[in-house]
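**Student:** Protein sequence lines, in the order shown, are assigned to chains A and B.
Residue numbering for the first sequence follows the numbering used here, starting at 538 and increasing by one per position.
Residue numbering for the second sequence follows the numbering used here, starting at 538 and increasing by one per position.
Careful, some of the hints might be misleading.
Same chains, same label: a pair holds when it works inside one copy or across any pair of copies.
Straight-line alpha carbon distances no greater than 16 Å define the calculated EDC-like cross-link-like pairs of lysine to aspartate or glutamate that follow [what the hints assert, rightly or not]: (1) Lys632 with Glu576; (2) Lys632 with Glu667; (3) Lys797 with Glu869; (4) Lys632 with Asp578; (5) Lys937 with Asp701; (6) Lys865 with Glu990; (7) Lys794 with Glu993; (8) Lys758 with Glu873; (9) Lys797 with Glu993; (10) Lys937 with Asp574.
Simulated from the structure, these hints should not be mistaken for lab results.
Number of protein chains: 2
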Amino acid sequence: MPAKERLDLNEFAWIAMESPSRPMHVATLLVYSLPEDAEPDFLNQLVAHLRQSTEFVNPFNKILRRPTPLRPYPVWERNYDLDLEYHVRHLALPKPGGERELGMLIARLHSNPLDFSRPLWEYHIIEGLENNRFAVYLKMHHSIVDGIAGVRMLQRSMSSDPDDTSSPALWSAPIPEELFEDKTTTSRLRRALTGARRSAASATHVARQLYDTLKAGINDKDPLLLPYQAPMTIFNGRIGGQRRFATQNYDFARIRKLSKTAGCTVNDIVLAISAGALRRFLQEQNALPGRPLVGGIPVSLKPKDDQSAGPAVSYAMANLATNIADPKRRLEVICESTRRAKGVLQDLSREEIENFTAIIMSPNAMQTSLNLEGRTPPVFNVNISNVPGPTEPLYLHRAKLEAMYPVSAVTHGQALNITCYSYNGSLSFGYSGCRDSVPRLQRLAVYSGEALEELEATFLPDPGVVDIGTAKAARGKKASA
Amino acid sequence: MPAKERLDLNEFAWIAMESPSRPMHVATLLVYSLPEDAEPDFLNQLVAHLRQSTEFVNPFNKILRRPTPLRPYPVWERNYDLDLEYHVRHLALPKPGGERELGMLIARLHSNPLDFSRPLWEYHIIEGLENNRFAVYLKMHHSIVDGIAGVRMLQRSMSSDPDDTSSPALWSAPIPEELFEDKTTTSRLRRALTGARRSAASATHVARQLYDTLKAGINDKDPLLLPYQAPMTIFNGRIGGQRRFATQNYDFARIRKLSKTAGCTVNDIVLAISAGALRRFLQEQNALPGRPLVGGIPVSLKPKDDQSAGPAVSYAMANLATNIADPKRRLEVICESTRRAKGVLQDLSREEIENFTAIIMSPNAMQTSLNLEGRTPPVFNVNISNVPGPTEPLYLHRAKLEAMYPVSAVTHGQALNITCYSYNGSLSFGYSGCRDSVPRLQRLAVYSGEALEELEATFLPDPGVVDIGTAKAARGKKASA
Chain A
538 MPAKERLDLN EFAWIAMESP SRPMHVATLL VYSLPEDAEP DFLNQLVAHL
588 RQSTEFVNPF NKILRRPTPL RPYPVWERNY DLDLEYHVRH LALPKPGGER
638 ELGMLIARLH SNPLDFSRPL WEYHIIEGLE NNRFAVYLKM HHSIVDGIAG
688 VRMLQRSMSS DPDDTSSPAL WSAPIPEELF EDKTTTSRLR RALTGARRSA
738 ASATHVARQL YDTLKAGIND KDPLLLPYQA PMTIFNGRIG GQRRFATQNY
788 DFARIRKLSK TAGCTVNDIV LAISAGALRR FLQEQNALPG RPLVGGIPVS
838 LKPKDDQSAG PAVSYAMANL ATNIADPKRR LEVICESTRR AKGVLQDLSR
888 EEIENFTAII MSPNAMQTSL NLEGRTPPVF NVNISNVPGP TEPLYLHRAK
938 LEAMYPVSAV THGQALNITC YSYNGSLSFG YSGCRDSVPR LQRLAVYSGE
988 ALEELEATFL PDPGVVDIGT AKAARGKKAS A
Chain B
538 MPAKERLDLN EFAWIAMESP SRPMHVATLL VYSLPEDAEP DFLNQLVAHL
588 RQSTEFVNPF NKILRRPTPL RPYPVWERNY DLDLEYHVRH LALPKPGGER
638 ELGMLIARLH SNPLDFSRPL WEYHIIEGLE NNRFAVYLKM HHSIVDGIAG
688 VRMLQRSMSS DPDDTSSPAL WSAPIPEELF EDKTTTSRLR RALTGARRSA
738 ASATHVARQL YDTLKAGIND KDPLLLPYQA PMTIFNGRIG GQRRFATQNY
788 DFARIRKLSK TAGCTVNDIV LAISAGALRR FLQEQNALPG RPLVGGIPVS
838 LKPKDDQSAG PAVSYAMANL ATNIADPKRR LEVICESTRR AKGVLQDLSR
888 EEIENFTAII MSPNAMQTSL NLEGRTPPVF NVNISNVPGP TEPLYLHRAK
938 LEAMYPVSAV THGQALNITC YSYNGSLSFG YSGCRDSVPR LQRLAVYSGE
988 ALEELEATFL PDPGVVDIGT AKAARGKKAS A
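Make a model of the complete structure from these sequences and hints.
**Tutor:** See below:
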């Protein structure tokens, strides 16, 4: 008799949001080098090996069961028997197998919804990537995973030992219960949402009061931005069901050096790179608003009233200063804005943070309570997340992981998502967008690289320190569609 | 201002049937040889060339517009501007690029629904097929095309001259209006459905009377089968959203020779091959019913009261004699059954035929009036269609078309579809099935080849005439998933 469990409210919200124009899955694109001595059928063997798994762990073995007349709520059924020939797929890129072909394939795969009559994940092994590489695209529904948990799960299915081939398959690797319990930042966020939404009316009330208090305390010169102060942009309307995807990969040392010299955080540099790219991208389309774009930045906080139970997660509103042409001044405004936002959030109690977050983040709150859905002013213009990943090189059956890119969900009102993963000394950006609302997404990735170079030229005293070789390599390492 | 037109009832029915577990698109898989002197980037050039089209013909340029408060019915909007990078796709097979890899890819592509916010078609060019070949998978929604019209459209986008590269792209080739008017068998069928369903109650009444009359006239020894006399099988339950696909390709001369020797039609041989394969396939799964399976066979008729207006199309019920072990006796029963069924249909008036057909074929009638949907006895067990195609070799920009396979829609109550296209001296079978209800579909294709060999061994006086080379080649030419 398979175990059944009810969905928590957050899981339910992700499921309820799913629609053909808004599939709510998230994915990771992993790029590997083939081992130097790999046999020609290395990937066929890997696929065959992975399909031999017989043990499946949560959440890979659970399936959604819709409500029935006798059970008027959906449940997860565990220990579902997996059809691995379905879930584990072997694909190939057309020639020349460059980042462009990869980006187009990922965009198409990411546009296809998951099959809700099966466990909500797919694992695609993609051969034919130039320079002796291959890729893996792992897609999971947002109701069973989030970015941080996904990265940790992937990490456990690889080894730091180049010769170790004993790592269990992703779906067979035992997952420490912390990943699903109350000790991680992500599950804190889930708890915040769930708790707040249990009493949605009161949470909305508290958050509204908080919002009004904050608003009353700021004046024109205060760098603090609040939700719903963002201008309308092409990224904030209704979306269709098709996606675009582009990537950029940077040497982390470049970002760190820049942040030290400019006296700001790595996150601020991530924002400044994105801001510079967004400014040029929108300008080119005659679509740059007069007011600055607002980035929604997930932040991890220690509430002042409750430092014992680990961090609380919320969203800070960052002024991206896209109305400012000077890159130096733009970065300064970004830094002021994030510093002030974090300061305010750090002064809040845990309950205040959780309610504040719930009103921003909860899909249901966004969709229904506040009647957003891409028809009203956006809570912010674009999500810009920075997810920490493994710092040491990892190997999948002797194939070295070269880079790891997030492929995110977009939704009505949020047609563009910028997320980066750090891994082994590099920072890898995934740009996920709606095909219709965000044309020429590839250019955004290109302009990001140029925005980084511009910041380096501005802040680094000796232009010689810009390692042209690295910059060019980074420009070469992009995929798009 | 784009032209708008209302959907006819048949189009509307196909659209209304669409659901995640029952996408209502049909497709054709075309296998080509690369020209002998093809440049390495032949396919990239072909893709680029096809994407340059600027003229688009019906039905490729029309998009479905859902009802609005001011227009409470859906319409087609013509002259929609196409995003050809979306509709025309370049894919590749993983190595070794055999029929197995092709079958798995086609099964996956056929499981993905079309995007209803765009014109309802996709054209996939697939590289990496072994022996210097490539494939094209053309998917269209059943509301804008049927099998026969699809084959004719494809034909017009190719040339019978191996050196002709001037053929317009499929979506730019002017289509003679007959294809959409009342002169073809397919549009007759559409007219029959539409006409009958305008007065659904009366049509149902007439058909029921007809059914009762026919039933009263037959006794135990009469080979005539009527709708709803089929046994329940694994092919006739509810389906999921994923597909399997397998193919077989035969030299048409083998089929013709067999039909002449056995004194039956080519269609009877197609049925006998399928019947032999189905018998073994079901036996192996301990799922062969005691009563014979019933095949639903589209037939073209000249109504006795109205021979002037071209043929009427209906469905004959064929006894597949799957309860009979002896292949000779099995073919005899099949022939008796189809002869009797056609005889009865030929005695009907045009109105009787059309009403009779409507009750069998109309998706809405099946789904609602008769409350089928894979929960009640099936109208028949499996559709077996034989669609005539081009008799001369065709070329797409100098690449020779080697074979052309139908990839059909399946639905609740009809989880398996067997359709074959004839082309240039060969007969190509496409087996389309629900992934969950029809496991090991590939074996059905293999057993079909063996059923043909068995018939040849039974009927052809000199076993020497079985061309072993051809038989082996046919066995080799199958794809599956």
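**Student:** Just pull the numbers of the violated hints for me, sorted ascending.
**Tutor:** Violated hints: none at all, because every hint is consistent with the structure.
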